[in-house]
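Protein sequence lines, in the order shown, are assigned to chains S and G. Quick note: the first sequence uses the working numbering, first residue 35, plus one each step. Quick note: the second sequence uses the working numbering, first residue 30, plus one each step.
None of these hints come from the bench; they were simulated from the model. Misleading hints may appear alongside valid ones.
As the list claims (entries may be wrong) - Examples of chain G residues toward chain S, derived with CB under 8 Å: (1) Leu72; (2) Leu73; (3) Tyr76; (4) Val80.
Claimed, not checked - Not close to chain S: a few residues of chain G, all C-beta gaps over 10 Å, as computed: (5) Arg48; (6) Leu247; (7) Pro256; (8) Glu297; (9) Asp332.
What you are looking at is a predicted structure, and each value in this text was computed from that prediction instead of being measured. Virtual Cβ for every residue (Gly too), placed ideally from N, Cα, C.
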Amino acid sequence: MTGITRLSAETVAEKRAALMRRIKASLIERLSLQLEPDEIAEDTTLFGTGLGLDSVDALEVALSIESEFEVPVGDDDINGIRSVNLIADYIAGKQNEMRDADA
Amino acid sequence: MLKTYAAARTGVAFFDNRREGRFRISGPDHAALNELVSVDLDLLDPYAGVVGLVTQPDTQLVAIVLILRGEDDFYIFTERERADALHAHLVERLADSGMEVEDLRQSHDWFAIVGPLAQDVMVEAGGEDVLGLPYLSYEDNSRLGCQLFRVGFTGEFEYRFLVPKAHADQLRADLEKAGAASSMIQGDVDALDVLFLEVRFPIHSDVGFAGNLLEAGLHWMINFRKPNLVGGEILNEQKGSLRRRGLMIRLDDAGKAKGGDPLLIEGEEVGVLARVANSPTLGADIGLAYVNADVGWVGVSFDVAGAGGPAVAMGISAPTVLTHSVYTS
């Protein structure tokens, strides 16, 4: 049993949804995507078949993460950022690292 | 299947996909075909392709398709389970259009090589020039005697070969010879299910558990800006008000859950597993679930009332594996 309550599940979900809204808005603006936020599914791949971004766009994605969320994106990290959901994982992980370092 | 999986993720595997659907649509005006699909064929350059959906006007899914545009024709491919349904739909809906539907299952075989070493095999078989073939495109390749497609649905490099049946044995032998140095193996097509699931590439049977195409997360296969998008009014209404969401999950115990098992929070059903498979890369069972929109997010945990006993699942991000081809591309 998880022991999770509906309230705690909804809290986790709302926090994730809010992060997703910010990420999508940032990507749409930075990359001038002709899409609305609710036309992007969270697991859609950024490159190839999904949003169809290319290697130049990948740099813009990194800059978007750095400017909007104030987390650094290493050259090696960009390969792992393959979907909007994985951008969120990356941001959350980096923010935790930075919080731990400040503590 | 494990051997095939390992080859596709770390080496290269050959797949005989002759059971999959493959059709050539030709005619003077493709407007009628464009009315059947979720993508805009007018935006496709010759020899370029796109993944899309063929749907009924009420958005009921006929098939997930790969479409490539030729000079004056289109090639449409789909999974084996939907081949007959797609063929019947195309024949019926294009009957009065002047377009001709050719079922290539009768005349052509359909092979694939998949894996991080697929490019090595292609250089050996077809020369360095084939590496210039863009993703989601094809060419008439005289050296190989076939139409050569560069695609990829597993996160790995993938080339496909549409070859007249009379030349199929020769091409297969040539590819096997070219693949010997890369230890290419004959792949089991059943292994593709887990390869697809790991990167959340959808198959038609996934969608049956979802309330609609957008709950299934197929947004990226739909051009919402397309004039006269089939089912466009319905899709535009649905996109802002999803009741359920497709969510990849990871299970804490292998072998306990299967497709159809419910997901629970505090004993209340909040979702259902569409399918489950063991990911050798992750060393765990993963699955695709459809979960109520208020809790169907990454990071949320669920109880699973599994047929093999209770289990715990957590929402995770896809793609769930970072493929070797990504590192080397």
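Here is what the structure says about each hint:
1. Leu72: Interface hint status for Leu72(G): violated (11 Å vs cutoff 8 Å).
2. Leu73: violated (13 Å)
3. Tyr76: Since the shortest Cβ distance to chain S is 17 Å, the answer is violated.
4. Val80: At about 5 Å, which falls below the 8 Å cut-off, the nearest Cβ of chain S leaves the hint on Val80(G) intact, so it holds.
5. Arg48: Holds, because the least Cβ-Cβ distance between Arg48(G) and chain S comes to about 22 Å, which exceeds 10 Å.
6. Leu247: violated (7 Å)
7. Pro256: holds (14 Å)
8. Glu297: Label violated. Min Cβ-Cβ 7 Å, cutoff 10 Å.
9. Asp332: The claim breaks: Asp332(G) does not keep its Cβ more than 10 Å from every Cβ of chain S (closest is about 6 Å).
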